[in-house]
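Trainee: Sequence:
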Amino acid sequence: MSRVRQPPLVTGISPNEGTSWTKVTIRGENLGTGPADLVGLSICGHNCLLTAEWMSASKIVCRVGPAKDDKGEIIVTTKSGGHGTSTVSFKLLKAEKIGILDQSAVWVDEMNYYDMRTDRYKGISPLSLRPSNPLGIDFDKGKVPLKDLEALFPGVSGEFTSENFSATWYLIENHSVTSFDQLRMAASNLKKQATKKNEGSLAYVKGGLSTFFEAQDALAGLTELGSLDAAIHQRLESDGTERVEGSMTQRLENVLNRASDTADTLFQEVLGRKDKADSTRNALNVLQRFKFLFNLPLNIERNIQKGDYDVVINDYEKAKSLFSNTEVSVFKKVYAEVETRIGALRSLLLDKLLETPSTLHDQKRYIRYLSDLHASGDPAWQCISAQHKWILGLMQNCKEEFINYQRERGMRAAAVDPVGLGAIALDLEGDPRPSAFSRIRDTAPLSKGGILHTPRHSTWHYETPQQVQFVEKLSDVVIGQLPNFWKLWISYVNGSLFSETGEKSGQVEKSKKNARQRQNDFKKMIEEVTHRLVKLVRGALLPSTLTELELRLYGGWENKTELTGPWLTQVIHTVRVIFEALVALEIPNDLLQVIQDLLLELRHHCLLVTLHHTADDVKRVAEKEDWVVDNEGITSLPAQFEQCMVQMLQSLKEPMETKPGEVNILQLDQDQASELCVDIIKVFINCLEQLSTKTDRDIDTSHMSVDLASPNLFSGIQEDFCPTLEQRLLIILSNCQYLEKHTFLNLAEHFEKHGFTGTEKITRVTVHAVKELDESLFDAYIERKSDPIVGSLEPGIYAGHFDWRDCSTPTGVRNYLKEALVNIITVHAEVFTVSKDLVPRVLTRIIEGVAEEMSRLMQCVSSFSKNGAIQARLEIDSLRDAVASYLSSESHASFKQALEVLPQLHNGADKKLLEELLNKFKSSMQLQLTCFQPSNVQPVKR
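Quick note, the sequence shown lines up with residues 1 to 942 if you use UniProt numbering.
Derived from the structure by calculation, the hints contain no laboratory data.
Predicted model, so just to flag it, every value in this text is computed and none were measured.
Hints are not guaranteed to be accurate.
DEER-style ranges, computed between Cβ atoms [to be verified]: (1) S58 to L284: 37 to 47 Å; (2) L146 to G12: 44 to 54 Å; (3) E819 to E632: 27 to 37 Å; (4) D148 to L348: 37 to 47 Å; (5) R407 to E632: 49 to 59 Å; (6) E632 to V477: 55 to 65 Å; (7) E586 to T658: 14 to 24 Å; (8) G82 to F267: 50 to 60 Å.
In the BS3-like style, the derived pairs of lysine-lysine whose C-alpha atoms are separated by at most 27 Å in a straight line are [stated by the list, open to error]: (9) K59 to K91; (10) K191 to K59; (11) K352 to K513; (12) K896 to K912; (13) K364 to K333; (14) K741 to K761; (15) K624 to K694; (16) K920 to K818; (17) K694 to K682.
Just so it is clear, CB atoms sit at the ideal spot from N, CA and C, and this is done for glycine as well.
Please model the complete structure; the sequences and the hints are all you need to start from.
Mentor: Right, dumping it as structure tokens:
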């Protein structure tokens, strides 16, 4: 048994008042089980079933008809529930009556259209209405390319308004990844829409049945009236009682026509005004309906002034879709004005695009605007070309700016110093760093192995050379502009410069095609920028590597002084920063090879310049020798020289460092670098030789300082100390020994640590050179000290007409030998004061000469008396025993030869006398001979 349903109950209506044909929403309970169950709907007594749309059992939407009652109930009738009731009422508002002469405005709502450009709905004319989403489900985001669909379905379309609409096309294009459940829901929505359409037509027919019946009754009445009129007219004529012209209805028609003509005559003026009012009302209606188009030129101008280019483009796209193909003359005229304004906007955007400087964001934005406005040509490539010319101009202007500043400063300097005295001072721009001499002069005296510190004076300041500033400025230009230039090209290649409109209209593919065609042109642009960069740097730092024509274009620098190693190192660092920045952009390596070549030449040039400047620094170091020795006989000169070389290697650390992709310059030109290092060391050795040969007048003592608290200095040194030639020879000899045993070995380790090759050759050549200097200086010192002692022996032996064949009994060693020993002791003291390590070497050589001279003199004597033999043996033994610690094999042999010449002593008394006199000599000279008995001195064997 079926369940009895409750009658419909209306509990709400929205809105609850309105004029006729107001759309209302009715809510309540038991309003039907479906559209077919709804059989009646009245509002204020008017049947509204024709416009009713059943939504659910609790909701119905309809329009209020022209009811007679001002206020009434809402009654719903269903098959299942019967006649319903209502708890609410609807108030019908009467529309204001408008006279025939009153003006009125009509508001026309624009329908919605789907803008494929912005992927959203916009208002257009109903004529351009197209269905947006008939399936009632969301579109998927992964769309199939249009060209693929055209290839799969030739001759058909996915547009609903097209005669060749293809449902398969539409589903693939908009729902290729939609789930099956969603598609089933879409099919259900389509069925509902079809059912509503059919039921609406049937309800319309049902609602109009009464009207059809009333029309049929009226027609039947007219037919009966006509028949009655004809019968009456016929009877009157047959009776002859009355003669009637025409029928009654004809007479009535004639009367009505005359009344109409009279009314027209009376109201002709009023009706004319009515027609004019109707025309005005229609014109206002048109203006209101198409106000968007008529206001568009002014709106375009205003939005351009405000910079709202997106709004202008959207309005233009809308107007173009609505009125581009219009045949209405007034629309054509307004649309032509719109096109004129858009043409001016294209020119304005192109000018802004080509303006410099501009950001990458602005460039992309203007290119998209011009693409959406379908500008002629290729705005993206025009922008790339303009940016290329601008970057080249910036680089060239940078050079001109610095050169002009350099010339102006030179003119000002010439006006202030016309004689040129400023040239005598240190050129801070050419060599801003303190020289090796100034660094060493400002340091405390160094001991062996000490560390050289370089304090900077508080007032020290310098100006960066113009060439270095120029390279840094050039670096800022390249690093600041070239990345955006490269990124603009990449965006041009991959099509990301264009918006969705560009993608749908083929702009992306067109851009990619143009990029492929212009790839070689852009490569030439990058090459031109990198070559311009390299040539400008060469013109400033390496002008000899350019041709005369290139020098006129990229040179012009007034290079009074060559840049030093530290400034060149800074330039190398700057160029490397440029190279790394361009590599990070993934620019092909073949386009950056010229920068690699420039880096190689700059590094090589820096190496050579640093080595040459170090040679000059070494000269200045040697010139400032203060002759102050430590307890080992070494001055600060070797340590200063070593520190100067170490600083040179440290300054070359960055230029010699081999970055990825670079060439090791030491392996590239190792022979030249090794030779220059040898030359620097030889320069120092030559300076030592020059110091040893200077006369007392040539020595500058103004820089000398003496540590008075040190007990290891000359006992006779005063503040105005000036070493003698012999003292200088000894000091330099001591320094040479230190160089050979320590300094050169330390330098070899530093060379190897910093990657220098051929250190063995450097050490071998320099050690040989210092040994030659050592031998030369040693021979010079021995000659100055040994010759006087040796030369005094023969005159001393034969003083007072002494004769070996006729002499008295010996009483002791004669004075000449004592004087010779005192002279040797003096040499010992002089050498020991400088360096005790030199004492054995010097005394051994001097004693060799004395022994050789004594042997020669003894061999020249023809004969000896007994007393002469005793005297000669006493003096030879005394001399030999006194200097026994410094006897070499040569001196031993000389003394042996001298004793073999003498007659042998066979008498015991003679031997006893000889021993007594020898002991007497040693006793009397004990204090003097103590210096010859050091416990740690060993004879030097040469």
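Trainee: Now tell me if each hint is right for this structure.
Mentor: These are the hints, each one checked on the structure:
no.	hint	verdict
1	S58 to L284: 37 to 47 Å	holds (43 Å)
2	L146 to G12: 44 to 54 Å	holds (49 Å)
3	E819 to E632: 27 to 37 Å	holds (32 Å)
4	D148 to L348: 37 to 47 Å	holds (38 Å)
5	R407 to E632: 49 to 59 Å	holds (56 Å)
6	E632 to V477: 55 to 65 Å	holds (58 Å)
7	E586 to T658: 14 to 24 Å	holds (23 Å)
8	G82 to F267: 50 to 60 Å	holds (54 Å)
9	K59 to K91	holds (20 Å)
10	K191 to K59	holds (20 Å)
11	K352 to K513	holds (25 Å)
12	K896 to K912	holds (21 Å)
13	K364 to K333	violated (33 Å)
14	K741 to K761	holds (16 Å)
15	K624 to K694	holds (13 Å)
16	K920 to K818	holds (13 Å)
17	K694 to K682	holds (18 Å)
Violation of the numbered hints given earlier is confined to hint 13; every other hint is satisfied by the structure.
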